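Protein chains: 2
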Amino acid sequence: MVPVRPENAYQARLLRVLRDGPRSRVELCDAVGLSRSKLTAEVDRLVELGLVESAGPAASRGGRRSSLLRVAGTVRFAGLVVGPDRLTAAVTDGELNVLAELHEPTDVRLGPEPVVARAVELVGKLRADLGLTHLNGIGVGLPGPVAFPQGSPVAPGALPGWHGFPVRDTLGAELECPTLVDNDANVMALGEQHAGIGRAFDDFLYVKLGTAIGCGLVLRGAPHRGATSGAGDIAHLGLADDGPGCACGEAGCLEAYCGDSGLVGAALDAARSGRSPALAERLAGSGTLTMADVARAAAAGDPAVQAVARDAARRLGRVLVGLVSFVNPAIVIIGGAPDGLGHALLAEIRAVVYRRSAPLTTGTMPIVLSDLGERAAVVGAARLISEQVFASD
Amino acid sequence: MVPVRPENAYQARLLRVLRDGPRSRVELCDAVGLSRSKLTAEVDRLVELGLVESAGPAASRGGRRSSLLRVAGTVRFAGLVVGPDRLTAAVTDGELNVLAELHEPTDVRLGPEPVVARAVELVGKLRADLGLTHLNGIGVGLPGPVAFPQGSPVAPGALPGWHGFPVRDTLGAELECPTLVDNDANVMALGEQHAGIGRAFDDFLYVKLGTAIGCGLVLRGAPHRGATSGAGDIAHLGLADDGPGCACGEAGCLEAYCGDSGLVGAALDAARSGRSPALAERLAGSGTLTMADVARAAAAGDPAVQAVARDAARRLGRVLVGLVSFVNPAIVIIGGAPDGLGHALLAEIRAVVYRRSAPLTTGTMPIVLSDLGERAAVVGAARLISEQVFASD
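Protein chains in written order, with the working numbering: chain A, 108 to 500; chain B, 108 to 500.
FYI, nobody ran anything at the bench for these hints, they're computed from the structure. Small disclaimer: the values here were computed from a predicted structure and weren't measured. Quick reminder that beta carbons are idealized off the backbone N, C-alpha and C, glycines included. Please note that the accuracy of each hint is not assured.
DEER-style ranges, computed between Cβ atoms [what the hints assert, rightly or not]:
{"hint": "1", "chain 1": "A", "residue 1": "Ser368", "chain 2": "B", "residue 2": "Gly128", "range": "54 to 62 Å"}
{"hint": "2", "chain 1": "A", "residue 1": "Ser368", "chain 2": "B", "residue 2": "Arg216", "range": "51 to 59 Å"}
{"hint": "3", "chain 1": "A", "residue 1": "Gly271", "chain 2": "B", "residue 2": "Val205", "range": "45 to 53 Å"}
{"hint": "4", "chain 1": "A", "residue 1": "Gly352", "chain 2": "B", "residue 2": "Ala262", "range": "48 to 56 Å"}
{"hint": "5", "chain 1": "A", "residue 1": "Gly352", "chain 2": "B", "residue 2": "Ser499", "range": "50 to 58 Å"}
{"hint": "6", "chain 1": "B", "residue 1": "Val205", "chain 2": "A", "residue 2": "Ser144", "range": "43 to 51 Å"}
{"hint": "7", "chain 1": "A", "residue 1": "Asp214", "chain 2": "B", "residue 2": "Ala116", "range": "46 to 54 Å"}
Far from chain B by the CB rule (all over 10 Å, computed), these chain A residues [stated by the list, open to error]:
{"hint": "8", "residue": "Glu149"}
{"hint": "9", "residue": "Arg177"}
{"hint": "10", "residue": "Glu211"}
{"hint": "11", "residue": "Val227"}
{"hint": "12", "residue": "Pro267"}
{"hint": "13", "residue": "Arg306"}
{"hint": "14", "residue": "Ala406"}
{"hint": "15", "residue": "Ala437"}
{"hint": "16", "residue": "Pro445"}
{"hint": "17", "residue": "Arg457"}
{"hint": "18", "residue": "Thr471"}
Here chain B is said to cover these stretches of chain A; the calculated rule only asks that three of the stretch's residues, wherever they fall, bring their Cβ under 8 Å from a Cβ of chain B [stated by the list, open to error]:
{"hint": "19", "stretch": "338–350"}
{"hint": "20", "stretch": "417–423"}
One chain only, chain A, in its complex shape (with noise of 0.2 Å):
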């Protein structure tokens, strides 16, 4: 099946709006700066196309009553996001909402080909649950740098054997459908944009932690990736020439303090020199320990292990400092921190950017943690291909 684009720039423009829940004509001339003879027509024709549809009368306001038009109940797209060691895929309908979702685990290091066959069964199952004939198009987010342009990871220290995979060829020509691979932040920061705080901001910064550290900026309203898709790849930014050893092979980069492995390691520390007298049972018991294990200590206000957590803040507040100076965002929000340890962060991270910088630039701009949870992601990889979906060139 050929999928339907929109003809025009209006088109995709009232599509975009849509996007965002059903409006009245009223509204769609105001929001597309269309008088309402020509609204009608483009309406009209995105009817014909099967991507708008009649949602019913409007609230009344007094006088006659308007209908309200959405995005067409049969518009269909896909998000999926590779994790290290898990595959998410879900289907939504025009608006972004997800209608289904499913996970499973997952070896990345396994290499692209197994991955990517497996992410095509994951989607077909849920084009089958759904009784679908079709999607409309299907994002994707990667936890590496990606070349924007090809679709394919670039030197993905996380994804041993992925370099210069066509993963967007591949899915494409599998699922038939259109296609767009990004970094996982990136796609995340687009979740956030779509359902997240980020959809009252035009310019922000969407910082990534967990496993790897990763930052997605949307200025202008819109994804920034840089010349080369390489924006906001701030995980092996070099803080001490003497600091803990990194996955990349470096040391004392901003991951290997704030990446959940260089957490674990110093909450490590704490329970092996016997500063955290509850990590060093934990350990005892179990042989290691977990994010899990750090981010419960942390809450259960073990003094140790909050240390830990600030000096890690600080170093990555130290790092915004600079990111913000630099581009002035409107907000900045924190994803991925697990339960227990987000607000400890949060508060350093605070601390030290409003104290470093500029009021003309922190003066009005909030640190906040994501709200969203995991699905940001998905929902971000869905709107990553609704923006090529729903644009006429």
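We have chain A already, so just place chain B on it with the hints.
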């Protein structure tokens, strides 16, 4: 006189294309995506408005000779740049070629009223010299943070007494033409975008060295000012808690190492400690050192002064690693380095940036010295206002 503006987005795009020089009708059709008949209608209207004129026949490529179009010869912009100790004003044509330029010493510490009044006189003198009856607009660069929507400085360290002064509204009322005010580094970035190597790139950083350090960003083809016009404000990023004192009152700021007074301070240390016999002699003779002394010594191969430059460049380079990783520009342009010092700084900046950043980001990213010199600022100021005048909204 009411300033004439384009009436729609096509006319605005045509003027922006012609700002880069005369074009044939065929070239204009291609550049803005109009059919020949629609182009003719828009061009006719621009000619009626007095914004476009014929520039004579295009070079023949066989067949019928087509005529070139250009911005009308009556279009005149002004650029005004306030430096810490100098005012520069220029008048350009519609292609931003400088037709006349005036400098004079000033002291911004006198406060905004006398300096702005003197600037008005300087622009008036240029108008009289050129016999102009009108200006289509004036752009202004100030050495400090500027709230762009208001056109007034915000807590500008180098402009005591200027905080909140309505520079844009005062100049606009006096000169009776559209007026915009921006930070000087942003304005110089616009100059690079119009007339320098920045012309070839959609995403670049312009780093301004000199008395004050600043940075202008052009992202996705447009100046990036951020949520509160603070973007690029990197001067006071803290590099070391125990660093040299900065004019801002803090210690260890980037500017305290890499600004002129930081470099001169480090050179004074080299003179007093005997590490630089040449500078010691100079200091004994004149009682002080200037930036010109430092640059001359560096150019003459003085090892102690070259070490000073390398140390400063290394610190700037480390900051740039973070910035380029974050926004992934296509090129970094460094301006304001005095003759004799620029290449020493550049070599070390390149060494640090290329060694410490990801191949995806900097593999194809040049780092170059600006070849525009001081004219970047007035041309950029003229471009600033041309962006508004050559827009339809």
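To see whether the hints hold, each was checked on the structure:
no., hint, result
1, A/Ser368 x B/Gly128: 54 to 62 Å, "holds (56 Å)"
2, A/Ser368 x B/Arg216: 51 to 59 Å, "holds (53 Å)"
3, A/Gly271 x B/Val205: 45 to 53 Å, "holds (48 Å)"
4, A/Gly352 x B/Ala262: 48 to 56 Å, "violated (42 Å)"
5, A/Gly352 x B/Ser499: 50 to 58 Å, "holds (56 Å)"
6, B/Val205 x A/Ser144: 43 to 51 Å, "holds (48 Å)"
7, A/Asp214 x B/Ala116: 46 to 54 Å, "holds (51 Å)"
8, Glu149, "holds (17 Å)"
9, Arg177, "holds (29 Å)"
10, Glu211, "holds (30 Å)"
11, Val227, "holds (27 Å)"
12, Pro267, "holds (16 Å)"
13, Arg306, "holds (15 Å)"
14, Ala406, "holds (31 Å)"
15, Ala437, "violated (4 Å)"
16, Pro445, "holds (25 Å)"
17, Arg457, "holds (17 Å)"
18, Thr471, "violated (7 Å)"
19, 338–350, "holds (count 7)"
20, 417–423, "violated (count 0)"
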